[in-house]
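Number of protein chains: 2
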Amino acid sequence: MIENKQWIYAERPTGRIGMEHYILNVENLDSASLKPGEVLVKAMYISVDPYMRIQQSSNNTWEKPHPLGVVQGAGMVGEVILSKSKKIKKGDFVNCYTGWQEYAMVPEGEARLLDPKIAPISTGLGILGMPARVAYFGLTDAGKIKKEDTVVVSGAAGAVGSTVVQIAKIKGCRVVGIAGSQEKMDYLVNELGVDAVINYKENRGLEEMTAALNKAAPNGIDIYYDNVGGVITDAVFNLINHKARILICGQISQYDHGLENPELGPRFLHKMLYTRATIQGILSRDYNNRMDEMIEEMGPWVKAGKLKYKETVVEGFENLPAALSGLFEGVNTGKMVVKV
Amino acid sequence: MIENKQWIYAERPTGRIGMEHYILNVENLDSASLKPGEVLVKAMYISVDPYMRIQQSSNNTWEKPHPLGVVQGAGMVGEVILSKSKKIKKGDFVNCYTGWQEYAMVPEGEARLLDPKIAPISTGLGILGMPARVAYFGLTDAGKIKKEDTVVVSGAAGAVGSTVVQIAKIKGCRVVGIAGSQEKMDYLVNELGVDAVINYKENRGLEEMTAALNKAAPNGIDIYYDNVGGVITDAVFNLINHKARILICGQISQYDHGLENPELGPRFLHKMLYTRATIQGILSRDYNNRMDEMIEEMGPWVKAGKLKYKETVVEGFENLPAALSGLFEGVNTGKMVVKV
Numbered sequence: 001m002i003e004n005k006q007w008i009y010a011e012r013p014t015g016r017i018g019m020e021h022y023i024l025n026v027e028n029l030d031s032a033s034l035k036p037g038e039v040l041v042k043a044m045y046i047s048v049d050p051y052m053r054i055q056q057s058s059n060n061t062w063e064k065p066h067p068l069g070v071v072q073g074a075g076m077v078g079e080v081i082l083s084k085s086k087k088i089k090k091g092d093f094v095n096c097y098t099g100w101q102e103y104a105m106v107p108e109g110e111a112r113l114l115d116p117k118i119a120p121i122s123t124g125l126g127i128l129g130m131p132a133r134v135a136y137f138g139l140t141d142a143g144k145i146k147k148e149d150t151v152v153v154s155g156a157a158g159a160v161g162s163t164v165v166q167i168a169k170i171k172g173c174r175v176v177g178i179a180g181s182q183e184k185m186d187y188l189v190n191e192l193g194v195d196a197v198i199n200y201k202e203n204r205g206l207e208e209m210t211a212a213l214n215k216a217a218p219n220g221i222d223i224y225y226d227n228v229g230g231v232i233t234d235a236v237f238n239l240i241n242h243k244a245r246i247l248i249c250g251q252i253s254q255y256d257h258g259l260e261n262p263e264l265g266p267r268f269l270h271k272m273l274y275t276r277a278t279i280q281g282i283l284s285r286d287y288n289n290r291m292d293e294m295i296e297e298m299g300p301w302v303k304a305g306k307l308k309y310k311e312t313v314v315e316g317f318e319n320l321p322a323a324l325s326g327l328f329e330g331v332n333t334g335k336m337v338v339k340v
Numbered sequence: 001m002i003e004n005k006q007w008i009y010a011e012r013p014t015g016r017i018g019m020e021h022y023i024l025n026v027e028n029l030d031s032a033s034l035k036p037g038e039v040l041v042k043a044m045y046i047s048v049d050p051y052m053r054i055q056q057s058s059n060n061t062w063e064k065p066h067p068l069g070v071v072q073g074a075g076m077v078g079e080v081i082l083s084k085s086k087k088i089k090k091g092d093f094v095n096c097y098t099g100w101q102e103y104a105m106v107p108e109g110e111a112r113l114l115d116p117k118i119a120p121i122s123t124g125l126g127i128l129g130m131p132a133r134v135a136y137f138g139l140t141d142a143g144k145i146k147k148e149d150t151v152v153v154s155g156a157a158g159a160v161g162s163t164v165v166q167i168a169k170i171k172g173c174r175v176v177g178i179a180g181s182q183e184k185m186d187y188l189v190n191e192l193g194v195d196a197v198i199n200y201k202e203n204r205g206l207e208e209m210t211a212a213l214n215k216a217a218p219n220g221i222d223i224y225y226d227n228v229g230g231v232i233t234d235a236v237f238n239l240i241n242h243k244a245r246i247l248i249c250g251q252i253s254q255y256d257h258g259l260e261n262p263e264l265g266p267r268f269l270h271k272m273l274y275t276r277a278t279i280q281g282i283l284s285r286d287y288n289n290r291m292d293e294m295i296e297e298m299g300p301w302v303k304a305g306k307l308k309y310k311e312t313v314v315e316g317f318e319n320l321p322a323a324l325s326g327l328f329e330g331v332n333t334g335k336m337v338v339k340v
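As they're listed, the protein sequences go chains A and B. Everything in the first sequence is counted per my numbering, starting at 1 for the first residue and increasing by one. Everything in the second sequence is counted per my numbering, starting at 1 for the first residue and increasing by one.
Reference excerpt, derived from the structure (chain A facing chain B, CB under 10 Å, subset only): (1) Tyr51; (2) Ile54; (3) Ala142; (4) Gly229; (5) Ser253; (6) Tyr255; (7) Leu259; (8) Gly265; (9) Arg267; (10) Met272; (11) Ala277; (12) Thr278; (13) Ile279; (14) Gly281.
Non-contacting residues of chain A with respect to chain B, defined by C-beta distances greater than 12 Å in every case (computed): (15) Tyr22; (16) Asn25; (17) Leu68; (18) Gly326.
FYI, nobody ran anything at the bench for these hints, they're computed from the structure. Just so you know, even glycine gets a beta-carbon here, dropped at the ideal spot from N, CA and C.
Kindly produce the complete structure, drawing on both the sequences and the hints.
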């Protein structure tokens, strides 16, 4: 018998998500019950991601809201400690979607094998995982990125944003990153090679943000990769070029309260007429079946150090709810993971 | 010498456009000054269109605002009364963009020949002109319409909207029309074959409009062809399907004041994530070079009575400013033109 600690999602938040919405549970897992074709995985890193907050809202129309009374859904990477699979053996590292728990039994088809020779396996949740997938295909597929583009990225120091800015630089674009601290801005400029940065906390009003963007993107904006929404996005609509592509990957500024009681903002759709721009929602899962294609191009970039990454590692399974909450305060640079 | 009456755009509106923003001018036109390759056209019908109000705003980012002190820009159809062109002869009917004036000298390359055997020439401003072009290519090109789609159209009884609903019906879709009077709704259902109609004046709140749409589009919304914006559009975002296409052709509810001082509305971009929908601005001029393609398919529809149209004809050149103003009160059914 294995003692398996789990965080049970117990109560819907109406504002910020936190510890009070979870209950810690311990179940006994009988490893003898592993079925043929399954593997038993011991979590090493467990993910916290902004999308979780959307799923928790009963007002989302994405899918049924995350049910109460079950393990919080999440990606993890871990080690196979027992295998009844012919494809995956004991000692292999895998990425799977088994939520906030220490152990899980997973059908082999739902576990993605990781190659620790490319990069540390925690990257399976970040720079070579779900956030990277939406960064990569968002820019290349939905965004139709070309080297002449000016690319503006909100949440630029986050897991997705920091990948987006680097891919855009590799593709030859002018890249503007928006983040919320001097430390993050320094990271973006000095380590990731971003051309211009804006601290949104010092440019909170629409006019200030518009002026800052005007300076940072003197030729207007061709791609806006949006992780944040709100006033930043309002300002972007003043500066979009003909046939600009606005990619909605996240709206983290709206998740605390805005899903239940929408915030008001200026109506802007008439501006779409002037530019014939497009706005498109993008989601990592839409590109699940193209993971090999991404690893083929991005794996070598990561291995060669051309694509850099930072991880904010929170230690301890017990800190999962606090880590998730921290995302909405922007405490992370790069991908935030919890080390079990 | 010809006495040529002209409406000069003289003052920028901050709210509703009206007579007070124009000055009536009479110039003397010397027909002897017609250059080789030009034709002299006598206007028969002159156009008033909602887009004019956008151009008048100094806040539009579409292009430079319509200059003051010159003839109000507009399309017209008229008869060639003198020709120095080899392609267009005296007595021909043409469509050209020469503004609110009775006569104009036009280079042959800027005049589109009309075929009066297909339909009355006033249709060159409507069902076979600019509004039809954005209806047709908006649905077929940007909207990628397919017969399984539920298509919702705001401003459904207007020049563009009444064309959109009919094309969508011809393509086999379920079509919901939104308009502002019983008369317009009757027209949509009884004459144009629309499947369900909503009177937005009786459903002014977000909840009411959402409920009405829910009833009219029980399988959700695949294409929203938006001419109006505001609360109608807010409600639509509650009901869009996976990969829905939202086409922004107009935002007439915002033109009186919203361009200068944007109205506030609920932030909705997070909903794009749930559905991976797209929002795209569409403009008739982007399809100028595909006019033949449109006439080839739509000309026979009009001739056969398969595509119906109504025109709201205002008599008298002197009524042009009032006619334009009336668009924003929804006084028209179908295309509004002024008969000179």
